[in-house]
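S.K.: Please build the complex by placing chain B on the supplied structure of chain A, with the hints as guidance.
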Amino acid sequence: MTAALETIGLGKRYGLRRWALRDLDITVDEGTITALVGPNGSGKSTLLKAWVGFERPTAGRLRIHGVDPVRQRGRAIALTGYVPQQPSLYRELSVADHLAFATIHRPGFDASLARGYLDDLSIPLVSRADQLSGGQQAQVGLALALGSRAPVLLLDEPLASLDPLARREFLRVLVDAVRASGATALLSSHVITDIEQACDHLIVLGGGRSLLAVSIADAIAGHSVVDGVAGAAVSAIGTFPSPTGEPLTLLRGRGGRAATLEEVVIGHLAAGRLSRPLGGAVVREEAA
Amino acid sequence: MQTLKSIRLVFRMQQFEIVAVGLMAAALVGAALYVANELNAVGYGPCALAAAPPPSCEALGRRFFGLQDAHANPVFAFMNLLPYAVGLFLGAPLIARELERGTARLAWSIAPSRLRWYAWRVVPVVVFAVVVTWAAGFAVDRLVAARTPGIDLENSFDTYGQRGALVAITAFVIVAGAIGLGTVVGRVLPTLIAALILGYFGIFGVQHLHADFTAREAVIVAEHDMKPGDRYIDQFFKLPDGRVVGYEELAQIDPASVTSETGPTYPIVYEVIPAERYREVEAREALILGSIGVAMLAGAGVIVTRRRPG
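So the sequences go chain by chain: A and B. Numbering of the first sequence is given in our numbering, commencing with residue 20 and proceeding in unit increments. Numbering of the second sequence is given in our numbering, commencing with residue 98 and proceeding in unit increments.
Isolated chain A (complex conformation) (with noise of 0.2 Å):
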C-alpha cells in the first residue's frame, strides 16, 4: 500500500513552550479510512489543519501524496476535501449557492454529485444555510467535500456537534462515498462506537504524539483486559477505570479478557498520560 498521508518528524509549536505535536510520524495508507482519536488539545485539529495548509510545521515534515502542503498549499490543497470542525458555511447564501460558489473556486468540482448526496437526505438546495440543522449543515459541509472528488479527506471532528442520529447518517455518506470512489480519510472524533462503525485503522494521539497506529482489527485482536492493576506485567500497557470506577489494565496480547476498541484506546491514552512525567517516553505501539 502507498502512503496518502505521511508526517516525519511533525512538530508543531505554539509560543516559545507548548508543543501541540511533537516528533510526530504517522503514516495512513491510501483507500483507508482511518480514525484519529486523542483527548483534547492531544493535536488532532492542529495535523489536520497542518495538512490543508492551515498551520505551518515547526519541524519536521508532511506530505498528501507525495505533496509538500507547506511548500505546494495549492497543490496540496487540490488533492484535499477538508471538513472543519464547525460547517462554517456562508449564512447568506442558499445549499444551491455553496455547490455554486465551489464549482466556482474548485477545479472540477463535480456539483451533480454533491447535489446528489444532498438529495439523498432530502437537503433543500434553495435553503438558506442559517436554516438548515446542525445535522443539514455538517452534511452540507461534507457534500462539498466530496463534490470536490478530492483522493483524501480529512474530517475534523465533524460529528462532535451532531445528535445519534444525524451522527449515523453522516458516517453512512462518508463511508459510502469513500468505498465508492477509493480515497483515503482521516476522521477525528471521540465517539469510539461511530469509529468502530465507520473506520477500519485507528490512530491515538496523546500530548502531540502518536501513541498507536495500527488496524482497528488488529487493535481489538491484540490487546486483552484484566481487572486490578497489573504494572508490573510485562505485557501491561496502560491502568484506567472502568465505568464503575473499578482499575482495569490493558495487556498487549491475549492475558486477559477480550478488549473493546475503547478500552484499547482508553489503555493508551492513559498509558501516554503516565508515561509523560516519567521523562517524556511514550509507548507506542506499531501495527505488526
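Simulated from the structure, these hints should not be mistaken for lab results. Mixed in with the good hints, there may be bad ones.
Claimed, not checked - Output of the computed footprint for chain B on chain A, the stretches with three or more beta carbons under 8 Å from beta carbons of chain B:
1. 97 to 103
2. 106 to 115
3. 123 to 129
No residue lacks a Cβ here, since even glycine has one placed at the ideal position from N, Cα and C.
M.R.: Just chain B now, with coordinates in the frame of chain A:
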C-alpha cells in the same frame, strides 16, 4: 453568464451592506441632483452674471441663498461623509467577517488559490464602491455648478476634494484600507473602529501633505488678476522694488505702515494655484491616493495567502 452568476454570489455574501450603501448613495445622488435642479429653477444665475442686474435679482438672490442654506448645505455635509461610510461599510467586513465567522476555513479549503479567491471576493465590491461614489462625485459637480453661477468646473478649485473623481478615489482608499485592516485584525467591529480612525487621519494626512507640496508650485497674482476658481494659498504685499513680503516681514521693513490707522498701503498680491491647473492637481492627488489604495489591497492579498484562517 458565469461571470454574472459569480458577481451575484459575491454581492449576496454582503447583501445587507451592498443594499444599504446602494440606497444611501442613491438617496444622496438623487438629493444632490434635485437640489441642483431646484437652484437652477430659481433663475438667479443669469441675473447675477448680468452686467447690470435687474431689481428683481435681489429677491431671486434671497430665495437662491435660502435654498442653499436649507437644502444644498445639508446635502454637501452628507456627501462629505459618503466616501467614508461607503469605504468602511463595504471594506471592514469583507475579509474580517470571513475570518470571524470561520467561512475563510471553508473557502480556503475549497480554493487551491487563496489569491484568486481574494480577488474574486474583493474586486466586485471595490468596483461597486467606486461606481457609487463616482456617481456621487458627479452629482456634487452638478450641485456645485448650480450653487456657483458661472463656474467652470474644469478650471476651478471650488469644493476641491469633495467633488468629481476624488470622491470615488477617497472611497477606494478607505475601502482598501478597511479590507487590509480586516485581514490583519480578523474581527469586524475592531476593524471598523480602527479603519474609521486610521482612514480619517490617513486621508487627512495625505491631503495635507499634497496641499503643502502643491503650495510650493503657487504663483503670485495681483488682486485684480485673481480668478474665482483659483486656489488661495496666502496673501502678501508688493513693495515698490518688486519684492513680495508677508505681514511680519513688512513690519520689520516699514513698521510705520503696519501701525498706521489705514494699514499697509502697498498693493496686495495673492499666492494661488491657478484655476487652469485644477485637473492636473486633482489627477496627481488621485494618483497618490489610488497608489496607496492599490498598495493596501496588494498587502492584504499577501496577508491572505499567509495567515491562518482564524
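S.K.: Now tell me, hint by hint, if it's right for this structure.
M.R.: Hint by hint, here is what the structure shows:
1. 97 to 103: With 5 residues in contact (Cβ-Cβ under 8 Å with chain B), the coverage given for the segment 97 to 103 of chain A holds.
2. 106 to 115: holds (count 7)
3. 123 to 129: holds (count 5)
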